[in-house]
Amino acid sequence: MPQLYSFGLGIGTTNSNGEWLEVYYPQPLLEPGEDISNAVCQALNHSEGNQAITLDKDKLTALADALESVHAELAALARRFQESKRPTVATLLATDAAPSSVPEGYLKLHMLSHRLVKPHGTNLTGLFGVLPNVAWTNQGAIDIKELPERQLQARLNDEVLEVACVDKFPKMSNYVVPGGVRVAHTARVRLGAHLGEGTTVMHEGFVNFNAGTEGPGMIEGRISAGVMIGAGSDLGGSSSTMGTLSGGGKLINGVGKECLIGANAGIGIPLGDRCIVEAGLYVTAGTKVAMLDSDGKVAAYVKARELAGKSDLLFWRNSQTGAVECKTNLASFELNEELHKNN
Amino acid sequence: MPQLYSFGLGIGTTNSNGEWLEVYYPQPLLEPGEDISNAVCQALNHSEGNQAITLDKDKLTALADALESVHAELAALARRFQESKRPTVATLLATDAAPSSVPEGYLKLHMLSHRLVKPHGTNLTGLFGVLPNVAWTNQGAIDIKELPERQLQARLNDEVLEVACVDKFPKMSNYVVPGGVRVAHTARVRLGAHLGEGTTVMHEGFVNFNAGTEGPGMIEGRISAGVMIGAGSDLGGSSSTMGTLSGGGKLINGVGKECLIGANAGIGIPLGDRCIVEAGLYVTAGTKVAMLDSDGKVAAYVKARELAGKSDLLFWRNSQTGAVECKTNLASFELNEELHKNN
Amino acid sequence: MPQLYSFGLGIGTTNSNGEWLEVYYPQPLLEPGEDISNAVCQALNHSEGNQAITLDKDKLTALADALESVHAELAALARRFQESKRPTVATLLATDAAPSSVPEGYLKLHMLSHRLVKPHGTNLTGLFGVLPNVAWTNQGAIDIKELPERQLQARLNDEVLEVACVDKFPKMSNYVVPGGVRVAHTARVRLGAHLGEGTTVMHEGFVNFNAGTEGPGMIEGRISAGVMIGAGSDLGGSSSTMGTLSGGGKLINGVGKECLIGANAGIGIPLGDRCIVEAGLYVTAGTKVAMLDSDGKVAAYVKARELAGKSDLLFWRNSQTGAVECKTNLASFELNEELHKNN
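Protein chains in written order, with the working numbering: chain A, 9 to 351; chain B, 9 to 351; chain C, 9 to 351.
Only chain A is shown next, with the shape it has when bound in the complex (with noise of 0.2 Å):
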């Protein structure tokens, strides 16, 4: 019987038809081994592929049961999984292969931001078209198409219904707030971030699925899908990373270690370690850039790809001749540190 790739016990919300809308697993597995595999497969009769599999309370039961010996905290959620009226899923991933349904794709969101996997680790081709679009409310997701009787029925009965966001994913914070951590404002960061330890991600800062910081980090800007920032790196409020959902082509954008990219700034190309970017320049990989030798002449241009994932770069506009030059990062500068030792 082959080890699986990923485990998760969920529990979650159907709508009336009973089709998923969402899963929350409080504690999913990457590679859980050989013990582990083995337990939950035989005790759910599972024998190849990728599998989600509806709970009741006997396979509840036979999951504790097989899992008591190998995984104590796991085979406990299953008992405890027992008393609720939710519905609960069993999801058994034997390969990364494209999630093939909702239970597939919450628990590959949820390897991501439990930091099981990184982005661009686990395979999320076609997720889109997987998950159904959601009416999150205070009253639980809600599938749109039942939400505007929801809504009259809740008037009636002199309730608030308050629908906080209708989209494919939900906020992250509902699910997992990974470990040293502060989001000022969870709306803004989606089931699917990677949020490293030591990263604060501010009011203005957004974080899409498959994307993310290796923290620490202050976040004040947003960090497309696709995109990861490097260790002690700082986004600028309103600072944009050109994503490839956003039209940013086929190249994964990024930032590295230590870098700051300015306020209203944005990147349409990757960057090493040690960068800058002025605050309000956008660089996009078409910008024409004039590289400083360190008489400070322009000593070439090149096009702003070409530097992609260079370090120790300084980009800035001349605020004389309105060129957007660049320099070898010469000057050091300080995160703020009583920011970043509270997180």
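Any given hint might turn out to be false.
Pairs involving identical chains hold if they fit within one copy or between any two copies, as the list cannot separate such chains.
[To be verified] In silico DSSO-like pairs for lysine-lysine, Cα to Cα no more than 30 Å straight-line:
id	residue 1	residue 2
1	Lys153	Lys126
2	Lys153	Lys265
3	Lys318	Lys265
Honestly, the hints are just simulated from the structure, not real lab data.
Keeping the supplied structure of chain A fixed, place chains B and C upon it in accordance with the hints.
Below, chains B and C without anything else, positioned relative to chain A:
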């Protein structure tokens, strides 16, 4: 008896003095036609003008009976309203006059968000003066003057009183979510926004009242009051459309079809179709633009306001000279197909 | 017995170890005067220093009795606190020393948001270190360590546990909404913000703690920690004020009266009165600025930091040469009258 311009059967919230704070219309009607107009006006003894009539159980019965044969759904709604202890109202607009009460103002905002009219399609003159400032909370709409006592009492009762918004306008999604849209963070779309089918408003997107999209489109920037975005146009993250309320003057700003406003870019002039504004560039009405010929040479200098409404323009800032330049947009750009087809 | 610097009667939340997570002071006092100081200190046996005293029913009775003749409202508050099962605290600050506990820190944040002091008007040294990171939820403040178990239990119970914020600072509006303001999206204004009367903070606006406005003003940009905006000044959408926490250095940034910072613009220097920064332009301290004379000719080049605090300046980037230019602002600009008179 004249036909009505609009009719709505609403259920809402009043303050402790019985003054309306907000009204929810599950099914607003535009120009409902002779039969419905007659049924409603006779049942409520309405002869002329615009009027909001508070409903008691008898009036609801009269309305339901009168509507039974001409609009069974509205008749059913009137009967369901009888079950509720919340205040209900029938709002009859004989003409498209400036709104003179909260129920009238809310009916017009609903008409926009229900796509019954487009931005600038209904008279909103003086709306700011008609709508009260309200605390929007998880316990419903609260008069701002009554908020401190409610906050204290909630604390004493061991309840959480979440004040999500203090504003004249509520969020759209708590009133209606039109078909075929996603709104990743609903606090960013005011009631009175018009979102066409296929519109995705991402976390950084914003849509004011009396503004919106034809759809489809990916909105990650700000659609100011009065601004309409054509079909197939995308607004990049934090991009700005200068509206009349924000100092943009009397010229109605807007964006045509299949345009792309880059991230952190902005426009102070209306664009025609298939225009592109480079990421990070703000084109104000007063910007002097160098018009390039097909050889890339400057053919003329024009103020951007002279380009208002023109199509097939590509704006960018020359990264070597700092000059704002424009040429006819020959490059085609593709919207992200996967995103758009899964709205 | 010395008069108190500040006094607050609070009701709050503790974690499972009895440690304070947050405190709500319905009516904080600044320099309450001799009679109140004496009444409070005697009732609580307080002799000197800054102290947060957890209250039981006996102490609440003693406080209420002592306050009856000198501050009837506070006395009534003390009696109402007796009805509640939540923990209550009396916080006495003899001096404006650095806050040394959660109740002290929260009292100071309340003083700012209640407009008892202005930004920089009370000592907040070391506040980041004093405040715990808290999960702010629809079930109240939750210790971040206790969150995972609470999330699981909520799911099992078929409840929604909404985690709105994971931060040291809560949103202001859940503690106080000062008179005459609108805050379109309250998650963007931290407790400790100071919003003057007539301030509207739009959806894109942001106000950090120890920062704010004199009012009136339309705030659609970000007011960083430590930054104060003068009366009648507007911040355009996504505009940025570089704060000391964001790398702005030791110079206290700020904006004088009747200024306009355009959309997507930013400042790294404090402005005087009646200054305008063109939409999309970021003026950092190091920007070299061409100063124009009345004929529009360059009279001198200066670093922007030399212009710090000066009035009547108009900054823009020359759209033909890319140079940052500045002249004395002769153009008057009108705030939108309808908006401002309806705050």
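- Output the numbers, in ascending order, of every earlier hint that fails for this structure. Nothing - there is no hint that the structure violates, so all of them hold.
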